[in-house]
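Grab the two chains, each in its own frame, and use the hints to assemble them into the complex.
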Amino acid sequence: MKVIVNIIKFIVITILTTCVISIGIITTVSSIILNQDYITQKLEETNFYAEIYESVKSNFENYIYQSGLDEEVLNDICTEEKVKNDINIILNNIFQGTDEKIDTTEISNNLHANIDKLGIKNSRNEEAIEQFVTQICNEYTNTVLHTDYEDNIHDMYVKANTILSKIYDIVTITLVLGIIVLALLNFKKPSKNIQGIGIVLFATAIFNFIACNIVTSKINIQGIKIFNDAFSNVIVKIIQETIDKIMAFGAGVMVIAIILIAIYAAIMAKNNSKEKIIEEKTTDK
Amino acid sequence: MQNKFVQALKATISSIIVALFITGLLILVIYLFLGQEIGTIFSLVNKVSITINTNKVEEPTVINEEKKSLENYPEYGTQYGTIEIEKIDVNLPIYFGDTLEVLKKGIGHSSGSYFPGEGGSIIYMGHNYKKMLKRLGELQIGNEIKITTSYGEYTYKVYDMQLIKETELDKLPVQRDKEILMLYTCYPFNNIGYATQRYVVYAELVK
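First to last, the sequence lines map onto chains A and B.
Position 208, counted from 1, in the first sequence is what my numbering calls 208; the numbers after and before it change by one each time, with no gaps.
Position 90, counted from 1, in the second sequence is what my numbering calls 1090; the numbers after and before it change by one each time, with no gaps.
So here's chain B without its partners, still in its complex pose (with noise of 0.2 Å):
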């Protein structure tokens, strides 16, 4: 009985070995003539694969008062504050980033420029839609821009309209001299149709 036992597990083993050994070999072969194409194919797919961190904690975003710099910039796409213009009845969150998308939603930051706090120039921009900035020509000197982050409160004053061509806004002054924003949107604003040029207002920070 032992003995059959012995024959059947001989008989057994040797075919799973054999079978592992063809198995193996025809790997080896695979990888030795398709290896590079298989790495290739491996890699481009991976290009297009994107991996999502879960386990990512979300920092708070905090400004240095000091450094006059923000501490964990917000995602490009997200919102991380309101604009509030009292005058024009204007209550729009702020998104970081300038695309299409986020201009959809409200207003748009352009990743050029400087946070709020920071010191520089601002550059935000919307849509001259009814429910955005449509009556952004209404503004005058003077009247307030209030901008609410995670991180403060600033308030602005108006100080200035310009009226510029689309090809021109990169001539938009960035410096860091002096806390500045800029808001733009397309013009004229009952125009029907793609708009070439954009409606300025210029405001100083003031508290």
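One chain only, chain A, in its complex shape (with noise of 0.2 Å):
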């Protein structure tokens, strides 16, 4: 009976230890990867909207070479609040379901401005001049926005929110069940809650420093290049703070579990001594 018991116990355990891990892992992802406001904050981190503005020049100055035309054509056509503020659109875009687009009217009209202003424009090179505000206008729109698919992006968004919140809600009712269950096999000796509790912990922060070596040792994180520079480095900083998140979770679960045991170990070590007291006792009677 009493392996039985202890059969259950263990199983109740790593249920737990699952469920808690899993909670550790929907908390991180949700509070990073799908907030809209994590994603905001580290854009203004690595100064990711100066540095699309920059690639927006360049890439401009791309075409300025190619074009014939000369470079004061493209002077202040587009400011990095400009860009800031697409970038945040995208963004809401893809995180809040709106359909705004990216309007390019203001470089263009920038753009005919500074044209008009050189007296470069005539009937005869009228058609490529139009042809290259055009050009200037797409680049700008793909520079700032890589993907077409923001739609898709959201829709995923949102499936990913729902089936994480459902797991969440799963994985907590299994949570206060497996405490109710290991509570009432442990009803005799509470101790054993404590360290039941102790153990689940221990195993979920050495769990989560294993994962957190094995990513970190299979990935060059600090080498992935996405896009480019500016989105490569959000992307890079994104994923190590959600290992150093789930690194930190390891570390206060690692700190509660050794409280725990210790706990636990006073307990055991206090009441078999008064066993012993009480056996000495009865020998000497």
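Below, in silico cross-link-like pairs of lysine-lysine (BS3-like), each with a Cα-Cα straight-line distance of 30 Å or less:
1. Lys1010/B <-> Lys2/A
2. Lys57/A <-> Lys1105/B
3. Lys121/A <-> Lys1165/B
4. Lys1104/B <-> Lys225/A
5. Lys1104/B <-> Lys117/A
6. Lys1157/B <-> Lys1134/B
7. Lys57/A <-> Lys1134/B
8. Lys1010/B <-> Lys192/A
9. Lys84/A <-> Lys1105/B
Bear in mind the hints are in silico, worked out from the structure with no lab data behind them.
If you want it as structure tokens, here you go:
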């Protein structure tokens, strides 16, 4: 009978460990990748807007050298503020499901004004100039917006949120039920509950440390390059912070686990010595 | 007292062993059921991850005069020389490669052609922008083009000019019988918009 109870306890503790690990991961993902405020904050921290603005200007130059026009036509056609606003429009489209488009009228107007100022437009080159303006506007949109699938990404975001929230609910209910079952199983020895929770937290912490170490040893996170340097920096920062958060969660859980196991060990030692004293007294009598 | 300590130690060790066993079990289960998927994710991420070898020692580019070939070719996208055309007041850096980023900075060297000193066709290109090759059309037969690299100096003399369609660029003669330099830019020089023709200057090695 005792063996069966111990096996059940082991299964319950294993399930509880899985629940705590899952809750940790879901909470981290929800607060990082699926959180618009966090993403916006990281974009600011990694100087993303300024770097994209520089990319926009650099890509414009690629066209100017081929166009035969003077560099001056590009003067002040776009500002860092506009780049920032447009990136935030994309983020809103992705996270909130808005359907705002990037407006390049301002760039087109500024470009036309600069070209008019230089007085180079005539009936022969009018079409070529219009084509150039369109190319510059398209280049701007392409540089700022890396995807045409904002709607799809938004749908995926909503789906991920729904699934994660459902998993979170299931895991939380399982965790509560698990704790109740564990308490019932340890009804006669409540100190065993402390040990059980200590084991759950200790296993969670070790699992987190091992998982993070596997990820960092298998992937060269700092070397990740997607689209451009600015975007890559944000991705690297987010992955790094996710790992750091999981490690910090592991460390916090480990401290609590050690305290709980120490308390249990102290109780065990105390109970044992009491038992010994009673045993000795009985023998003396 | 010692007994108390042994009991506490026993309780602690047993708790830790159970915890480690559970961790191992979970890792084993994840490995068995999701190992392949996790491996795929790792390899996908590593495909977009670049490892930069910071300990790499740059070997200088040198020319083997006997074989007429370079040793330690310059890295793609790096500058390896300068081009000087006194007649049209050009003094620009030469980069190995022909990407837009390279052409923004100076003259690009088509990677399918030979390097100066190798005894073959060298294909260079640049924008017809005012700071670049806008005045290439002013060059005349007999004018000199001087190329300075880290491994030597080469002087070429212009012997021909040609106008070709952009689509015919791959027909530029790449050979290794004679060292010739082909330098081209977009044409017409005062064009606005995308130019579909290229103005090519041919020059042969004189020293």
